[in-house]
Structure formats: C-alpha cells, structure tokens
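S.K.: Each chain is listed here by its residues.
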Amino acid sequence: MSAEVLPYTVKPHPVTGLYNGKFGIWLFLASEVMLFGALFSTYIFLRIGAPETGPTAWPTGEQTHLSWKLGGLNTLILILSSVTMVMAWVQFKMDNLAKGRMYLIATAVLAIAFVAIKLKFEYMHKFHLGIKPSTSVFFAIYFTMTGLHALHIIGGVVVIAYFIGPGAKLWHENREYYTNRIECTGLYWHFVDLVWIFLFPILYLL
Amino acid sequence: MSGDHHHEPSFIRKYVFSVDHKVIGIQYGVTALCFLFLGFCLIMMMRWQLAYPGETMPIIGNLFGEAAMPGGVMLPEFYNSLGAMHGTIMIFLGVVPLLVGAFGNYVMPLQIGAPDMAFPKLNMLSYWSYFLGGVVMLASFFVPGGAANSGWTSYPPLSDIATTGQTWWLFGMVCLITSSLLGSVNFIVTIVQLRVEGLTMFRLPFFVWAQLITSFLLLLAFPPLEAAGVLQLMDRLAGTSFFLPEGLVVSGVVQTQISGGGSPILWQHLFWFLAHPEVYVLILPAMGMVAEIISINTRKPLWGYRAMIYSTIFLGFMSFIVWAHHMFMTGMGTKISAFFATTTMIISIPSVVILTAMVISLYQGAIRFTVPMLFALAFLPMFAIGGLTGLPLGLPASDIHLHDTYYVIGHFHYVVAPGTIFAIFAGIYHWFPKITGRTLNKTLGYIHFAFSFIFINIIFMPMFWQGMAGVSRRLYDQTVYAHGDAVQSLTVISSWGAWMLGLAQIPFIINFFISIKAGKKVSDNPWEATTLEWSAPSPPPHGNFATVPVVYRGPYEYSVPGASSDYIPQHITTEA
Chain A
3 MSAEVLPYTV
13 KPHPVTGLYN
23 GKFGIWLFLA
33 SEVMLFGALF
43 STYIFLRIGA
53 PETGPTAWPT
63 GEQTHLSWKL
73 GGLNTLILIL
83 SSVTMVMAWV
93 QFKMDNLAKG
103 RMYLIATAVL
113 AIAFVAIKLK
123 FEYMHKFHLG
133 IKPSTSVFFA
143 IYFTMTGLHA
153 LHIIGGVVVI
163 AYFIGPGAKL
173 WHENREYYTN
183 RIECTGLYWH
193 FVDLVWIFLF
203 PILYLL
Chain B
609 MSGDHHHEPS
619 FIRKYVFSVD
629 HKVIGIQYGV
639 TALCFLFLGF
649 CLIMMMRWQL
659 AYPGETMPII
669 GNLFGEAAMP
679 GGVMLPEFYN
689 SLGAMHGTIM
699 IFLGVVPLLV
709 GAFGNYVMPL
719 QIGAPDMAFP
729 KLNMLSYWSY
739 FLGGVVMLAS
749 FFVPGGAANS
759 GWTSYPPLSD
769 IATTGQTWWL
779 FGMVCLITSS
789 LLGSVNFIVT
799 IVQLRVEGLT
809 MFRLPFFVWA
819 QLITSFLLLL
829 AFPPLEAAGV
839 LQLMDRLAGT
849 SFFLPEGLVV
859 SGVVQTQISG
869 GGSPILWQHL
879 FWFLAHPEVY
889 VLILPAMGMV
899 AEIISINTRK
909 PLWGYRAMIY
919 STIFLGFMSF
929 IVWAHHMFMT
939 GMGTKISAFF
949 ATTTMIISIP
959 SVVILTAMVI
969 SLYQGAIRFT
979 VPMLFALAFL
989 PMFAIGGLTG
999 LPLGLPASDI
1009 HLHDTYYVIG
1019 HFHYVVAPGT
1029 IFAIFAGIYH
1039 WFPKITGRTL
1049 NKTLGYIHFA
1059 FSFIFINIIF
1069 MPMFWQGMAG
1079 VSRRLYDQTV
1089 YAHGDAVQSL
1099 TVISSWGAWM
1109 LGLAQIPFII
1119 NFFISIKAGK
1129 KVSDNPWEAT
1139 TLEWSAPSPP
1149 PHGNFATVPV
1159 VYRGPYEYSV
1169 PGASSDYIPQ
1179 HITTEA
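Protein sequences, first through last, are from chains A and B.
The opening position of the first sequence corresponds to residue 3 in the working numbering, with each subsequent residue numbered one higher.
The opening position of the second sequence corresponds to residue 609 in the working numbering, with each subsequent residue numbered one higher.
These are calculated hints, taken from the structure and not from any lab test.
Beta carbons: idealized from backbone N, C-alpha and C, even for Gly.
Don't take every hint at face value.
[Claimed, not checked] Per the computed footprint, the stretches of chain B lying under chain A, defined by three or more beta-carbons under 8 angstroms from a beta-carbon of chain A, are:
hint, segment
1, 794–807
2, 877–883
3, 990–999
Take these sequences, add in the hints, and give me the full structure.
M.R.: Put into structure tokens, the structure is as follows:
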C-alpha cells in the first residue's frame, strides 16, 4: 500500500502553485458561484417581472419589514469573522496552535451569533407578523436565499468545530497539512461572507 | 491519506466502501448498466401502450396492480410516470454515470499515470451519493400517486401541483447533483495535478481532454438546476409561488391560496441552463472513447488532434449560451430567439470539426474491424444523423412546427442511443480486457453489434416522419387524433424495433457474464495500443503502476515511419 502516495496532497504543484485541496476548494467555490448566481438571477427575473402595483408588486422600504440595522449588524459580524478566520490561519502558519485555535473559536462564536440574530430577531419577528415564505414572491426569495446562506454558515461552523476538536489531531502528525486545511476552510468562509455582502443590499437596501 | 497500512483491507473496505478509483469505476459501471437496463424496460412497456393502445399487455400486464394497470391495461398516469422516469433514469442514472463515473473513473487516472484520483474519499462519497439518488428515484415508484409524472423536464405549473413522486424526484436529483459535483471537482484536480512526468496537456489522450471539459460542464451547469430544484421544493413544500403566476387556473378553478407573482418560464431558463450543457456531457466523453478506439484500430494517429481539442474547449464554452433554443415557443421575442438561433448554429461547427477529424482519421488506415471498432464506426454516421436533424430545431421558424413532436425524440435519441450508447458498448468491449484480464467473445460481439445496429435504426428512423406529421411526443394514445392515427403504423414499427433491440442485448448479457470468468485470457496490451493504461497489468493492482511511468511522446504514435513496430507506447524512450 505504500506505493499509494498521492502527489501534491500537501506540497503545491510546481506549475499550478496549488496543492490538491486548494485547487479543489476553488473549483467547489466556482460551482457555488453558479448556485448563488442562479438564485440572484431568479431575484432579478422575478423583480423585473413584477408589476408596478397590485398584490404581486415588489415591496420596498417599510413594506419589506426588514431592518437594515439588524442586517447591517450581521454584516459587521460576518466581516469580523472573516478577519478572525484569517488570523487563525496566520497563527497556524506561525506554528502557534493555542492562539490559532482561539481565533477559530472566535470565528465559530461570531458565526453562531450571526445565525442567532437571523433566527431570533429576523425570522421569528416575521413569523409573529404572520409573514411566511408563501406570503409573496419577495418573501419567498428572501427566505430561500437567506435560508440557504444560513445553511452554508452552519456547515462552516461544523467544519470549524471539527478542526477545533477532533480534527486538531492532524496538527500533531502533519502541521502543514493541518494548516492547509484551515486555509481551505478559510476560502470557503470568505466566500460565504461575500455572498452575504451581496445579499444584504439586494434584500435590505434596494 | 498517505498512511501506511500493513494489513489487507477488509472485504467491505475493498469492495463496498472502497476508495480505489478502479473499484469505484466498476461500482459505477455495474449500477449504471442496471439502471440503463431498467430505463430500457420502462420504455419497452410504454411502447406496448403506444403500439396497441388500450390492449392488455401480454405476459407481464398483470404484475403491476390495479393502481397502475387495471386488467393489464396501462393507465395514463402510469404511462406519464414511466415516461418521466425513463428520461431521468437513462440520463442521470444510466448514461452519465457510465461515461463519467465508470469509464472516466476507471480509465482516466490510468491514462495519466496516476496512482488514484486526487481525492479518493470524495470519489467514494460521490458514488454513494449517486447510489442514494438512485434508491430515492426507485422508491418514488411506490409512493401514493407513483413516481414523478411531469416529464423528465419537470415543467411547472404541472410539476408544482403533481403528486408526491415529484418531491421524491427533486430529492433524488439533489443527491445526483451532489454526486456529479464531487466527481467533477475530483476529475479536474486529478487531470491537472496528477499527470506523470512528461505528460504535458498536449500529450494527453483525447479521452482525457473530453473528460476534463465534461467535468467543467458538470461543475458549472448543475448548480443552477440545484437552485431550481430548491425553488421547486419551496413551491411544493412551503407554498411559495416561484413558478406560479397570479390567477393560475387548475382544472377550471382559480387558485386563490397561492400568492402568485412567479413564472413558469423561470424554471425553463434554469432547467435548460443545466440541460443543454448536459447534452454535451452526454456526447463529449463518448467522442473521447470513439477517438481512442478509432486511432488504435486504424493504426494511425488521430487526424487533427489539436483541432479536436480546441473544438472541444470552444464547444464547452458555447454550450452555456445556447440553452434558450429549447424555449422558442415561450414567446421570448424575436431578438432573443435570433441570438440563441445564432449561437446554436455556431456550436454545430466544433461538433462537425470533431466528427470530420474522426472520419478523416479512417482514411488510408489499416482498419482492424474488431467489435469495439464496429461500434465506434457506427457511432460516426449515427451521431451525424442526430446532429444534422438538430439544425432545424435550432432555427425558430422550423422549430415552431417540429417542437415537442416525435421529431425531437428521434433527433436526440440518435445522438444519445446509437450515438452515445454505441460508444459505451465500444468502450466496454475495448476496456474489458484491461478490467478483467480477459476478452469478450468476438462472435457474440458481432451478433450483438449487427442486430443492435439494425433495430436501433428501426426504432428511431420512423420517428422523424411521425414528428413531421405533427404527432406530439407525450401522447398516451395518438390514434385519437386523425393525424396521429394516419401514422400509427410507424409507431408499431418503432415498438417492434424496441422489443427486438431488447432481444439483441441477450448475446451481450450472456457474453458479459461468461467472459468475466471464462473469457479468453489476454496480454496486458491486447490491442497494441500506446496510451499508459495499457502499460499497467490487467487488471491493474492497487496503486496501478509497479513503477511510476515517465512519458516521452504523444498519445497516438502509430505506424511511425522507420520504427520497428507499428506502435510506440508513450512511456518508451527510444524505439527498440
């Protein structure tokens, strides 16, 4: 079995400059761009097609029942979590497991705060007002896009928790390999952050 | 991943949850062949209803219960389920998993000299996700109302209000999309990163190039369908109206419980944004296999190897901007129709370049008429018929008459059935010796080929005339219309062709199972081929190559002037 050593799992390929995992995560993100791209296109398609007046007109401002303050707060939280994510990677690069782990925990906490605000103060508030995804196409796309985004956040938290806990075993076996995995997680995390940067204005501001 | 295991892997790790690309390739192959057969069985049942509408189906008619076939007569609802599931199973569970999952997985890493795929565990996950998707699709036959019955395209509003089977279909599709996403990431990374020393991109066999472009199509085209699937799930489960307009009328009743404001056209855009690149997913790997087989069996280099690669890249790119030629009938407007008609005409050019290159490759070759070569040769005219009959569908004026008729069915089945599936058969006969160390029986192979070739044309050729007579593709009983009744005899011919084609597969099935155990043993390189997979032992051991090969030359060095043998494998330094 010792012949089965795959090249470039840890060290970068001399031509592409990427190790396999990083190349893979970039491709995965490309497909994610297409996934969210399709949903953003759906948003544009529905909004352009909506009539000026009447029950299916596109709601703006007050009619959306969305608070730009809460949305803005969540935007700040996510941007901050991206910063802590980078810091975690930097610490691992500098061979400091304890500090890196601390930054990972900070990232996870911020992510959970984001989801908590989303659920407790935004979704619950809507449900209290009797607003559901079926209320109008606007709320349909609102709940679908933010819901799918929240699932991405939760998925990210699971991965980060894994690397704080059981995944950290790899650190003691192969530090570079572990740090690479944190880098890939970070790339994913920045992407999820970026999606929100687009979601926030189209839903809360425009 | 690089851990040293000193013990033999257990049976389960070795054959069930294996991370070896060859085992996964075989798993994909066997599962997908079963689905291919199942999809074919569904259509053979439908062909009875089409040929003899309302008559009791012989032999198996009473096996399906009162809910589907009371008294052995197929109900329209059951017919619709069979139709939708035939398309879904054939495309997503049969042909694509065979082309990419089976042949791509098994052959591609060998052709680039890699020990395995870049992410072996993802590869395993990809197979099991596909398997789960298949199980969900099969299970949907047993839910109330039966399997999905809104066509393989699942157009709303019908699919939004269809029976529970449609929800299962959507969940199944999510599993299949996940599977192909994992697979495509794996393929691209493997091809780019894991090529052995000396194997530059322009020394890659054309098959590997085809897999690379295909993977990009899968990677980028499937997510929009996933998004569309999520939206349709929301419509069905959360009561949203993404695809439902205001004031929708169902069975004469205005739907007031929905908010409206959506559009069924939105689904069509998202769906065809996937499904047109999907067409090229169905054909590119097939072209790759045919190219390999033609070069080996003509003992000549491929003519226009680089032109074929550039065409493939261009084709992959263009396939993302032709999708709305499926939607000329939706009233998009003449300007948009003109744009998509133009891109559609443009995309036919690279296809023709590839096909022409393969035909010219035959010229003055010392052709060996082996079984895989016969299937590969048949691919050329069959794909040409399929491609050329597509042109009238790509132009709005002629599409208005032909849209949604049997002409369309004839057109794309010529591409996929005698085209792609013949290429798959060619691939099976060609790589079987590599996978098992034994060869399939030649005589049975010739019988299989000859009858398949005759009957597959008997099925699909009449459809062009039926379509031009205006018979709609989704009719349960065309004889209720005068224009349909007038060409009913063609339907009967088609149906008999289908059943005979089913019989023609018997020699293949017998051959396949007997040859695994008792086929003639052959050397590692029975076809005297140049590419790397033939330098590995048959079957290749875990890790593939005893020593990592180094490549010194291009993939098709056949009949090199002055060389001592008529082929020089890629890993040979100087011809001895």
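S.K.: Work down the list of hints and note, for each, if the structure agrees.
M.R.: Going down the list of hints, with the structure as the test:
1. 794–807: holds (count 6)
2. 877–883: It holds, with 3 qualifying residues against the three required.
3. 990–999: violated (count 0)
Violated hint for the displayed structure: number 3, the only one.
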